[in-house]
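Model the full structure from these sequences, guided by the hints.
2 protein chains.
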Amino acid sequence: MTHPVIKDLTRRYATKRYDATRRIAPRDMEVIKEALRLTPSSVNSQPWKFIIIESDEAKQRLHATFARKFQMNQKHALEASHIILFAYNPCFTRENYKRVVDVEVASGHLPADKYDEMMDKGFFFAQMNMDETGCNGHWTRAQTYLALGNALHTAARLGIDATPMEGVDKDLIGEVFRKELGGYVCEVALALGYHLEGQDYNQGLPKARLPLEDVVTVI
Amino acid sequence: MTHPVIKDLTRRYATKRYDATRRIAPRDMEVIKEALRLTPSSVNSQPWKFIIIESDEAKQRLHATFARKFQMNQKHALEASHIILFAYNPCFTRENYKRVVDVEVASGHLPADKYDEMMDKGFFFAQMNMDETGCNGHWTRAQTYLALGNALHTAARLGIDATPMEGVDKDLIGEVFRKELGGYVCEVALALGYHLEGQDYNQGLPKARLPLEDVVTVI
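Residue numbers (the UniProt record's numbering), protein chains in the order written: chain A, 1 to 219; chain B, 1 to 219.
A portion of the hints provided could be inaccurate.
[To be verified] For lysine to any residue, the following SDA-like pairs were computed, each having C-alpha atoms within a straight-line distance of at most 20 Å:
1) B:K7 with A:G159
2) A:K207 with B:K114
3) A:K16 with B:S107
4) B:K59 with B:K69
5) B:K7 with A:P211
6) B:K179 with A:K33
7) A:K7 with B:V216
8) A:K33 with B:P206
9) B:K179 with A:V215
10) A:K114 with B:R17
11) B:K33 with A:P211
12) A:K69 with B:E197
13) B:K7 with A:P26
14) A:K16 with B:F124
15) B:K75 with B:I24
16) A:K98 with B:V215
17) A:K170 with B:V215
18) A:K170 with A:C135
19) A:K170 with B:V216
20) A:K16 with B:E117
21) A:K121 with B:M72
22) B:K114 with B:F125
23) A:K75 with A:V176
24) A:K75 with A:Q199
25) A:K59 with B:V218
26) B:K7 with A:P4
27) A:K33 with B:M72
28) A:K98 with B:Q60
29) A:K121 with B:K75
30) B:K207 with B:E197
31) B:K179 with A:E57
32) B:K114 with A:Y13
33) B:K170 with B:H63
34) A:K98 with A:F123
35) B:K7 with B:K207
Keep in mind that the hints were calculated from the coordinates and are not lab data.
Okay, here's the thing in structure tokens:
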């Protein structure tokens, strides 16, 4: 299939080695940031923070979080152009949702007289997803994957290489980036940059997806 | 920002009323199906099934699943061009992962002598995400949101309207589509089509996202 969407999604792959001399242009980073912000989420909850590791100092801090595990990803901390920590709110509250509905009204999206209705109908989904602890982190975590899917598609369109990484030490990240996370939890990160020519074993290999009939059923 | 990525993501919105006379062209549906298949996932697990509701008969079955709740979405079942049920494997097993690694080798992506290494290193992530029941449905559900993010971006590029819906009755869907789901669980669906001109209150409204500084931190 030669459609641009399919070309982009076929060309993208999980980069295993980055060119430490190449940096993403600021104008592309602006697109990525705005694309993250524009990601849709359940009842527009936006229960996320995206911490973008850009400076050498922040990269050293991230590098240190691989001390105990997932060392296969450690080099990306220093060699990739940027790494984005995708963090979710482990306990999305009515107060958090109020902030969203405030913006709904301020932006002109929601008429002010629908405020209470949106609070009730929207927050219902946050409540429906509460677990035995009274929190809804499984639900908010899933929303960050929606942002991850959007970011990966965006990077592919921009010709930027990427590596989604569940192989991050959430506990050490929680300690080292405590201030930036503000109580949010990072269990997945995205390295971005450009692969190191000839040194990335994963580059240019055929895709290994299950056949269409295994995953898609049209009825 | 006038970048095509931002234009697409700004124009897309949760459609609230579909034009029942407009259908997505088969060539666009082929792009959507292939885009779903190409979605990346943790350790390439692909723990999903996408059930595409296309026929009138399947739409009637879906319509019936809104009998008890989420009636605000019921009309989409009949008026949207297509509805995709995103279903996850509630308990992703070593046997399931074997199927993936088989395809890794068969496709030429993975050298045959790395089979056992990929089985062990990859399945570690499925194990890491097992909960007290020994299952990992929270993890596989999150992967389907990655596919949802990819599908929403794809639909936006194709100029197709969409409505992500957590407002679906997972129990009734589980009963009515038991055969197609084969034990997988659907908690989110995506309506696709074209909005009904002048009848969709959500169309053309300003976006209501939190400000960039609330969700993005560059360090």
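Against the structure, the hints:
Note on K7 of chain B and G159 of chain A: the hinted pairing holds, with a Cα-Cα distance of about 18 Å set against a maximum of 20 Å. Pair hint K207 of chain A plus K114 of chain B holds up; C-alpha atoms about 16 Å apart against a cutoff of 20 Å. Only pairs whose Cα atoms come within 20 Å are accepted, and K16 of chain A paired with S107 of chain B is accepted, the gap being roughly 19 Å. At most 20 Å may separate the alpha-carbon atoms for a hinted pair to count; K59 of chain B and K69 of chain B meet this at roughly 17 Å.
Distance check on the hinted pair: K7 of chain B and P211 of chain A sit about 33 Å apart at the alpha-carbon level, beyond 20 Å; violated. Taking the CA atoms of K179 of chain B and K33 of chain A, the gap is about 42 Å. The hint is violated against a cut of 20 Å. Between K7 of chain A and V216 of chain B the alpha-carbon distance is near 29 Å, which puts this suggested pair outside the 20 Å criterion. In summary, the hint linking K33 of chain A to P206 of chain B is supported, as the alpha carbons are separated by about 19 Å, within the 20 Å threshold.
At most 20 Å may separate the alpha-carbon atoms for a hinted pair to count; K179 of chain B and V215 of chain A meet this at roughly 14 Å. Using a Cα cut-off of 20 Å, the hinted pair K114 of chain A and R17 of chain B holds, with the two alpha carbons roughly 19 Å apart. For the hint linking K33 of chain B to P211 of chain A, the alpha-carbon distance of about 11 Å falls within 20 Å, and the restraint holds. The suggested pairing of K69 of chain A with E197 of chain B is violated, with an alpha-carbon distance near 54 Å, which exceeds 20 Å.
Restraint check for K7 of chain B and P26 of chain A: satisfied, since their Cα atoms lie roughly 18 Å apart, inside the 20 Å limit. For a cut-off of 20 Å, the pair hint linking K16 of chain A to F124 of chain B stands: about 19 Å separates their Cα positions. With a CA separation close to 17 Å, the supplied pair K75 of chain B and I24 of chain B stays within the 20 Å bound. Between K98 of chain A and V215 of chain B, the direct Cα distance comes to roughly 16 Å. Compliance with the 20 Å bound is thereby established for this hinted pair.
Our distance criterion of 20 Å between C-alpha atoms is met by K170 of chain A and V215 of chain B, whose separation comes to about 19 Å. For the proposed pair K170 of chain A and C135 of chain A, the alpha carbon gap of about 18 Å is at most 20 Å, so the pair holds. For the suggested pair K170 of chain A and V216 of chain B, the alpha carbons sit about 19 Å apart, so the restraint of at most 20 Å is met. Pair hint K16 of chain A plus E117 of chain B holds up; C-alpha atoms about 16 Å apart against a cutoff of 20 Å.
About 11 Å separates the Cα atoms of K121 of chain A and M72 of chain B, which keeps this hinted pair within 20 Å; it holds. Annotation: proposed proximity of K114 of chain B to F125 of chain B holds, straight-line Cα distance about 17 Å (limit 20 Å). A threshold of 20 Å between alpha carbons decides the hint, and for K75 of chain A with V176 of chain A the separation of about 17 Å falls inside it, so the pair holds. Of the supplied pair hints, the one linking K75 of chain A and Q199 of chain A holds, its CA atoms being roughly 13 Å apart against a limit of 20 Å.
A C-alpha spacing of about 12 Å is found between K59 of chain A and V218 of chain B, which places the hinted pair at or below 20 Å, so the restraint holds. Taking the CA atoms of K7 of chain B and P4 of chain A, the gap is about 16 Å. The hint holds against a cut of 20 Å. Only pairs whose Cα atoms come within 20 Å are accepted, and K33 of chain A paired with M72 of chain B is rejected, the gap being roughly 33 Å. With a CA separation close to 37 Å, the supplied pair K98 of chain A and Q60 of chain B exceeds the 20 Å bound.
Between the alpha carbons of K121 of chain A and K75 of chain B the distance comes to roughly 18 Å, so the proposed pair stays at or under 20 Å and holds. Taking the CA atoms of K207 of chain B and E197 of chain B, the gap is near 19 Å; set against the 20 Å cutoff, the hint holds. A threshold of 20 Å between alpha carbons decides the hint, and for K179 of chain B with E57 of chain A the separation of about 54 Å lies outside it, so the pair is violated. Simply put, K114 of chain B and Y13 of chain A have alpha-carbon atoms about 19 Å apart, close enough for the 20 Å limit, and the pair holds.
The straight-line distance between the Cα atoms of K170 of chain B and H63 of chain B is roughly 13 Å, inside the 20 Å bound, and the hint therefore holds. With a C-alpha separation of about 9 Å, the suggested pair K98 of chain A and F123 of chain A falls inside the 20 Å cut-off, and the hint holds. Taken as a hint, the K7 of chain B and K207 of chain B pair is honoured in the structure, with Cα atoms around 12 Å apart against an allowance of 20 Å.
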